[in-house]
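Numbering (my numbering), first residue to last: 1 to 294.
In short, the hints are calculated from the structure, not lab data. This one's a predicted model, so the numbers in the text were calculated from it and none came from an experiment. Check the hints yourself; a few may be wrong.
[To be verified] Simulated restraints, written as ranges between beta carbons of each label pair: (1) A249 to D94: 22 to 28 Å; (2) F91 to G195: 27 to 33 Å; (3) T121 to D54: 21 to 27 Å; (4) R180 to D32: 36 to 42 Å; (5) D54 to A190: 30 to 36 Å; (6) D150 to D32: 37 to 43 Å; (7) A79 to A194: 18 to 24 Å; (8) R78 to L233: 16 to 22 Å; (9) A170 to R205: 17 to 23 Å; (10) A71 to D118: 28 to 34 Å.
Don't be surprised by glycine CBs; every beta carbon is placed ideally from N, CA and C.
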Amino acid sequence: MLKRVLRRLLSPLLALVVGRAGRAYVTGRTRDSALLVAMRLLGAGYAVTLAYWDSGESPRQIEAEVAGCIAALAGCGRAPRVAVKAPQLGFDADALGRLATQAREAGVGLVLDSHGPDEATRTLELARVVRDHGADTGVAVAARWDRSPDDARAAAADGLGVRVVKGQWAQPGRREDDPRLREACDRVLAALPAGAASIATHDTRLLERAVGDHRPAGVELLFGLPARRALALARRHDLPVRFYVAYGAPTTGFSPSEVLRRPRLGRDLAGGAVTAGLNPRRRLAEALRGARVS
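Based on the provided sequences and hints, a complete structural model is requested.
In structure tokens form, the structure reads like this:
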């Protein structure tokens, strides 16, 4: 009873925090805002993945935006990538084939983001289409699903880069807290040889565990979330770091109920809500604070 009352009281406040934090997840509405950050990060010695978060445009418009990202990153060095959301492209294999051909010619990688568990099979199939067009191809694997260890093994066997994420969409019928999500990530990493996957997280407990048990290929961080501790840990273990730099529609994708179940997520979102009030230059300085610059 008390938990229900507290949930009712806290949900409006959490919704405000989550909404404000969404502004910290994106560099701005335009591609230029993301490129400004991406070029500074590249200059500081980090790899980048550029991502467009749409606000309901047509698949054709989204394809054009992704193509613009590929063109902008051509020749930048440090193996730049562009994230692709297959559902927003209507799971169009022809569109992905065109983008893959452009990416191959530009020397830019494509990585297919993770969505719901009911979309995972089609996403993996389309990643193979991208690979068959000769592009450097990766997929995000959401650790919280039962199918994910098998998906990770299959992707690696097919020559796809694997990025392990906790995942935004839950396994149907299941609620998970941070300790269980760490265990889920551990299971996926354990399904692969050491160095076969990177891990995308700001959770330093998970990173410490992953480094000790599985030696990931690298660490991927979302620009806009507090990164100082994760950067320091990556530096200590000599792990390469890649920043996921998003622009477009501000969103976190997390509900107040999930934040209540995951205190660490709430802490990060609160940090994001504070960071959202900073101008882009200050936000970039905060992201790089305490990091080694090459």
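Problem set entry | Consistency of beta-carbon spacing, L233 to R78, with hint 16 to 22 Å | Roughly 21 Å apart at Cβ, these two residues keep to the hinted range, so it holds.
Exercise. Lying within 17 to 23 Å: is that true of the beta-carbon distance A170 to R205?
Worked result: holds (20 Å)
Exercise. Falls inside 37 to 43 Å, the C-beta gap from D150 to D32?
Worked result: Since the Cβ atoms of D150 and D32 sit about 41 Å apart, the hinted range of 37 to 43 Å holds.
For this session: Hint says 22 to 28 Å; check whether the CB-CB distance for A249 and D94 agrees.
Result: Holds: the Cβ-Cβ distance is about 25 Å, inside 22 to 28 Å.
Exercise. Do the Cβ positions of A71 and D118 conform to the proposed distance bound of 28 to 34 Å?
Worked result: holds (33 Å)
For this session: Determine whether the Cβ-Cβ distance between A79 and A194 falls within the hinted range of 18 to 24 Å.
Result: holds (20 Å)
Exercise. Are R180 and D32 spaced within 36 to 42 Å by their CB atoms?
Worked result: The hint (36 to 42 Å, Cβ to Cβ) holds, given that R180 and D32 are roughly 40 Å apart.
Problem set entry | C-beta pair D54, A190: status relative to the range 30 to 36 Å that was hinted | For A190 against D54, whose Cβ atoms are near 35 Å apart, the range 30 to 36 Å holds.
Exercise. Is it true that the C-beta distance of F91 to G195 lies inside 27 to 33 Å, as the hint says?
Worked result: holds (31 Å)
For this session: Given the hint of 21 to 27 Å, check if T121 and D54 actually sit that far apart at their C-beta atoms.
Result: holds (22 Å)
Going down the numbered hints, you'll see the structure goes against none, and every one checks out.
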